[in-house]
Amino acid sequence: MNRQRAAGPLFVAPFMVLFLLLFLAPLGYAAYLSLFQERLIGGTAFVGLDNYTQALSDPQFLHGIGRVALFFVIQVPVMLLLALAFALALDSGLLRLARVVRLGIFVPYAVPSVVAALMWGYLYGPDFGPFAQLGRSLSLPVPDFLGDGWMLASLANIVTWEFVGYNMIILYAALRTVPEELYEAAAVDGAGAWRIAWSIKLPALRPALMLTLLFSVIGSFQLFNEPKLLMTIAPDVISSSYTANLYAYTLAFTGQQVNYAATVSFLLGLVIVIASYAVLLTANRRRTP
Amino acid sequence: MTTTTPTATTAGPVRTVPAATPARPRRGARRSTPLTIAMLAVLAYFLLPLFWLLIASTKSTQDLFNSFGLWFSHAPQFLTNVRQTFTQDDGVFVHWLLNTVLYAGVSAVGAALLAAAGGYGFAKFRFRGDRISFNLVLGAVMVPTTALAIPTYLLFAEAGLVNTPWAVVLPSLVNPFGLYLMRIYAQDAVPDSVLEAARIDGAGEARIFFRIALRLLAPGLVTVLLFTLVATWNNYFLPLIMLNDPDLYPVTVGLSSWAAQAQNGGAGASSDMLALVVTGSLVSIVPLVVAFLLLQRYWQSGLAAGGVKQ
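Chains as they are written, first to last, in UniProt numbering: chain W, 1 to 289; chain E, 1 to 310.
Think of the hints as simulated: they come from the structure by calculation, not from any bench.
If you're wondering where the values come from, they're calculated on a predicted model, not measured in any experiment.
FRET-style restraints, in silico, Cβ to Cβ: (1) E/109 / W/148: 40 to 50 angstroms; (2) W/32 / E/244: 18 to 28 angstroms; (3) W/193 / E/87: 56 to 66 angstroms; (4) E/98 / W/81: 34 to 44 angstroms; (5) E/166 / W/282: 38 to 48 angstroms; (6) W/73 / E/166: 33 to 43 angstroms; (7) E/193 / W/282: 38 to 48 angstroms; (8) E/71 / W/281: 44 to 54 angstroms.
On the chain W side, residues computed to face chain E include the following (Cβ under 10 angstroms): (9) 104; (10) 129; (11) 130; (12) 219.
Stretch-level coverage of chain E by chain W, calculated; a stretch enters the list once three of its residues show a Cβ under 8 angstroms from a Cβ in chain W: (13) 58–70; (14) 224–238.
Even glycine gets a Cβ: it sits at the ideal position worked out from N, Cα and C.
I would like the entire structure built from these sequences, with the hints used as guidance.
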């Protein structure tokens, strides 16, 4: 028993050591750095929470957060509803070629977001993008996908394309674990397909939906790859502070404002944790009124 | 997620989802043609960009501008493009591919083993501080990795690790969600009775782990491995900030640097850069897509384990 007591910590030690060094230490370091400011004269000075007050009234930071919040509020419901619809369609058993459809929808997940953003960027293109080409040859107006008014929607489309399949598989896998007897019992009671979906399948999907929602919060708020890639095609539309994460990157690597960048990263992490908790709490309250 | 979700229930038995089973054959259920057609339309949307990429990789940069995007041009030159992609800048693209394989492979194997040992330790042993340590890891699932990346960069810069492969591999080794998955997996996949029996036979704990537990954990291990592999293969932010020597780039950062060149340097039909970006993109996604098709059984059961249990 003694030997056993010693073994537990030894098994978790390698992970926990790296976790401390590579997870908690950077977090602590960011917190520490965020309390200092580099001054032209006098070097680095302790400034308390000055960086935070600066960030919280910094329009570039606030716009970045606002933009990803808007993105989250619109893109995530669309993506999750689509994923849910596809998962239910696959699970219904009414589909021919179900395997092909499932794989086809999932395949974009295996495509790096860099490649996804590049491909869609070229597809959106006003010169040789096929949509623009088709529009020209049919004399139909094609929206300026890379223009100011459309950019957020274009980014949302890329992210949706990448992750619908991933979310669909999580939901579909959860559906497959519903015991067959439940359906049989419901059928005996005269429940139709819609009724079964509403009363049996959706409740069974709750934990899986929570998981996908949580991952989506984390993903949306740290949006970076797609806007960074499209920035090279549409530099006038996507500024270097388009999303909060892009802003932190710009501050650290082009502005050399290390302390402020750490503040922005730290705040962004805080926003994500708060948003995640808010989502979890709301979802939980709705279940047990 | 025990701490983060108040809805948490204790984990039931892990149900590995049989991905290979066909959709539920329900009595009296007929295949629906309208639904099938609707889903095929959906499928077209998801495959359109990949179809475009396939077509585009057969074109010269000039034809990319001058021919219809969704069909072949008069002078397909796929092999020329591939050859140019691989020989551009003294074959730097080959470096990128090998770097990606190296970073993703080492990270995935390392992360999976660390998560397996940790998950097993948390699932099967009680020790001082086990609960608080595990909750700390669980909470970390919510901390965004990209928000962590900049402070990590600053720390690594002080330690002199920036612009080395370590800078990309080390942070990828810690996968809190992987540890969480391995813990719930280990709880059921490794029965206590088996451990007790081995102990009575006099086997040491390390031996029990490597000889018995690891084998029972194999399916869970493969899932964590696969997902870390995809995550690191596709990673962009971390290598982008950590590396500045093109010879060390993974393929994602390399392609984005080419894309930037195509846009700024030789914009227009005169440069060959665009064709290289397109062909390089195609070449870079083939291995992962193939791997996913071959390993469907694993990724599906892995996603199931994460989605069913909280």
